[in-house]
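**Q** Next come the chains, spelled out residue by residue.
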Amino acid sequence: MQLTNDHIDYIIKDLTYRGIIVDHVRNEILDHICSAVETEMSKGLRFINAYQLVLREFGHTRGLRTTQKQIVQFENQTPRIMFRNYLTIAFRNLLKHRFFTAINIFGLAIGIASCLLITLYVLHELSYDKHFENADRVYRVDTEILFNGNHHRLAVGPAPLAEALMNDFPEVEAAVRFRAWGSRLIKTEKATDNIKERHVIFADNEILQVFPLKLLSGDAQNGLKEPNAVMISKSKADKYFPGQDAVGQTLILDNEHNYKVTGVFPDFPEATHFRFDFILAMSGLDESKNDMWLSNNFNTYFLLRKGASPADVEAKFKKMVETYAGPQIEQIFNINFTVDDFEAGGNRFQFSLMPLTRIHLHSDRTAELAANSDITYVYLFGAIALFILGIACINFMNLSTARSANRAREVGVRKVLGSLRGHLVRQFLTESILLSFIAFVIGLGLVALALPYFNLLSARSLEIPYSDPRFIGLMIVAAIVVGILAGIYPSAFLSGFKPVNVLKGKLALGMKSGLVRSSLVVFQFMVSIFLLIGTITVQKQLSFIQNKRLGFQKDQVLILQDTQVLGPQIESFKNEMLNETLISSASISGFLPVSGWGRSDTSFWPEGKQTTQDNLTSMQHWRVDHNYVKTLGMNVKAGRDFSKDFPSDSSAIIINEAAARKFGFANPVGERISTFDFSEGEIDPDKSVTYTIIGVVEDFHFESLRKNITPLGLVLGDATWCMSFRFESEKASQVIDLLESKWKQVAPGQPFQYTFLDEAFGKMYSSEERLGHIFGIFAGLAIVIACLGLFALTAFTAEQRTKEIGIRKVLGASVTSIVVLLSREFGKLIVIAFVIAAPISWFAVSWWLESYTYKAEIGLAIYVLAGLVAFVVAWLTMGYQSIRAATANPVNSLKSE
Amino acid sequence: MHKLIMYQTAMHSPELLKGTLQTIVLKVLGDHGRMYGYEMTQRVKELSEGRILLTEGALYPTLHKMESEGLLHTETVHIGKRVRKYYTLTFQGKALSKDRVSEFLDFIKTMSAVLQVKVA
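From first to last, the protein sequence lines stand for chains A and B. Here this note's numbering = 1-based position in the first sequence + 14. Here this note's numbering = 1-based position in the second sequence + 1322.
To be clear, the hints were calculated from the coordinates, so they are not data collected in a lab. Where hints are given, some of them may not hold.
Stated by the list, open to error - Which residues of chain B face chain A? A few of them, derived with a C-beta cut under 8 Å, are:
| hint | residue |
| --- | --- |
| 1 | GLU1378 |
| 2 | TYR1382 |
| 3 | PRO1383 |
| 4 | LYS1403 |
| 5 | ARG1404 |
Unchecked claim - Which chain B residues stay away from chain A? Per the calculated CB distances, all over 12 Å, these:
| hint | residue |
| --- | --- |
| 6 | SER1370 |
| 7 | GLY1379 |
| 8 | LEU1381 |
| 9 | HIS1395 |
| 10 | THR1412 |
| 11 | LYS1416 |
| 12 | THR1432 |
| 13 | LEU1437 |
From the three backbone atoms N, C-alpha and C, an ideal C-beta is built for every residue, glycine too.
Construct the complete structure from the given sequences, taking the supplied hints into account.
**A** Structure follows, in structure tokens:
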């Protein structure tokens, strides 16, 4: 006997009426009842009687419900089923509130993307040089010289240092010296055109022990023993000798030196604090064989023996100074040298150790092999990343607690139906973790999109390590942690409601509730304002630098490089160019007032005096030509410029004001000063050269504005590696064309390399510029995320207060007054945020500017500006919602009552 | 609070049979393979000659509990408007089935010793 559909519908209806509502429970009971009823009916009972009989077996309504309850309870005690349940509910909830979900996910995704980008950057910075096999045992020996107020902190040491380390220090396993030599012109034997290569270095053969290069081919033991040997990187080998083995081939440097390739090494990873493409054998460099302890040109690294202590090595440096450098100092300055006496006089001559892995972030000395980064930036960016993530998490918390009014009823019903607090906490946490996972996936996508631009900005080549299981694991853990962080407060808050109160409607949780929420909004805007002030400060300092009176004219000067290849033709080339109308002035000198160009530091003293420690003045000693002052636009304050009319100018010197002050000359013009004679290549204390001061130039900045202007003197002499041309404005491209065509005539096959003085000047501040950009972008992101949150919060308030607004309007409130009413609360919070952010920013800004000798005035205006920007942006966000709420027709909101 | 009547019996008191429901389900399913709830009640009724009647209120929660413990595997079959849920033993359930039966036999032996009677 089969039941009809009508019978079945009847049973379903009756079961539902009796409160059996859980789908799968009802289905199962239905089938059971049907089967039982069919059996009874086949015994001759009518349907309704059979059904009553079966129902009795189940214990009627009460028994049915108990059964259902027991089944549901068993299931809830099973984590797997419960988790699925949580997930379903979470999905439904997120979909139900699409607007808030979207804002939450989007804000969190931006936060995560920023955080991830910065983390990649920070990890990259921290990984520098760790790839070398013995990285933890490699040290660089740094030199510090303080003499007569001149302070030098050098990343280089004297030539004989490495040998002394090997001879006198049993702790040292191997030592290698590097001698940087700027860029070189390189070609193969067959090629006619030179290529300019920047990463060229001299190194001892011991590099193979200290920095194992893992040669791809060539002699890994003694490849750099012989003079004129060179090892080249893989990429350069492919460039110069495509498709053939580079080892054994010949390269020509600067048109004259033949070097034989003895090895090819893989390109250095980017996370290396130096980068070499060509390593030349040190034995070919005469300078490397000298015994001068007072001339520092060699970056010296050594490998410490296993188990030896670097402190022991450092402790013996004092003795080394006395043994080797002492006699040379005594000879030159006519004094008795001991380290203690020397230091008692306020001077210093010290060596110290710098661990290899710390160089990139902790070393900022003169003559680094490449510009390093700074640990401060790592901390700074790390803090910014955390702040942004914090802001995004706060959005989530605020939105969840703000919407608690809506969910309070849900909480009440759940609790009445038997949910424990733990269930609710888990439910809410599942929701936030789910959200966090979605946000992480989107955030990862954003990072993939943004990474190329970020790399451009940060001058790095970062990659997302998709294939690294640790990365995936970290992402998952991070998603869970962020989910928990963002969800813990709302879940604790919501699950704590008393069901009686919420179901009675007693918990009117409008916008006014929650000191916590207000403080979180304050925190968000505080961080945003702080970042804004930071951005404006950096920009202001940058523009201050760009516009500061430098003492020379940096605009409209073109610098032509590698002009030494012209040889004796250089004068005629210059004169030829001077005849062109486009060129107003030209000068041959490799010494330029931008850091990174020619420098030469010598000691001067007033003529006729015995040299003592006290009357020596350390001075820049620049070799220039007659047109130098005019071409670079410097101002002669007293006396005159060099002139062809005075043949005696070959022993004349023009000093800057700082030098005049240092010598203490009341009227410097006509005074005579002496210096050591360097023409033989070594200092001979008995020989000196004397110059007559013919002029004083206004102080000009020749190093970064972080530094003071130090004494400087200009003399006539050869420094032919570059030429400067001053030209008329707006004609830069014509000047380049003209110079290039002439260059091709006089120097065929040589690369035409030029730069503009203002560009070279700008490069000194590229790290500031980068900082400014990155700061700006993340400040912008922080504000966007904070405003997203504010947008949603206002939308929510407006929604909550629709009825109130309706009544106000009916009673005659104007649109303006309602907009003000809605914006006032958050407006207050932003003002508070500003008040807190201002002093913190003031401290940070002063701290950052401290490193600059010349700094921009950061007036109050900047703080006010930042505060205003934050306020206006926030108000615009709120304004949209407020106006929408205020202009709505009150009938719509009130008719439902 | 409603007190659940676990068994309706013609001869056996409910207290006596408490705790054997799982064993019964395991054994019945072990012998027959795939069964649905109503089928089980009928089968038990048949085997006990009407002296043990499984109540639905006890059977279904137990089935769900055993399912969530991984002892039972289920499949649903749609029959017109009705959905029939079939239960089978999982590997774990089969292993437990044997244990439970032998455990119960042990129990009977112990009881007969304690009560000084001989099991027929």
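**Q** Determine for every hint whether it applies to the structure shown.
**A** Each hint, compared with the structure:
1. GLU1378: Hint on GLU1378/B: holds, closest Cβ of chain A at ~5 Å, below 8 Å.
2. TYR1382: Hint on TYR1382/B: holds, closest Cβ of chain A at ~5 Å, below 8 Å.
3. PRO1383: holds, 4 Å
4. LYS1403: With a closest approach of 5 Å, the LYS1403/B hint holds.
5. ARG1404: Holds. Min distance 5 Å.
6. SER1370: holds, 16 Å
7. GLY1379: violated, 5 Å
8. LEU1381: With a cut-off of 12 Å, LEU1381/B comes too close to chain A, as the shortest Cβ separation is near 9 Å.
9. HIS1395: holds, 14 Å
10. THR1412: THR1412/B is indeed farther than 12 Å from all Cβ atoms of chain A, at 14 Å.
11. LYS1416: Given a closest Cβ separation of 21 Å, the condition holds.
12. THR1432: holds, 30 Å
13. LEU1437: holds, 33 Å
Violated hints, in rising order: 7 and 8; the structure is consistent with all others.
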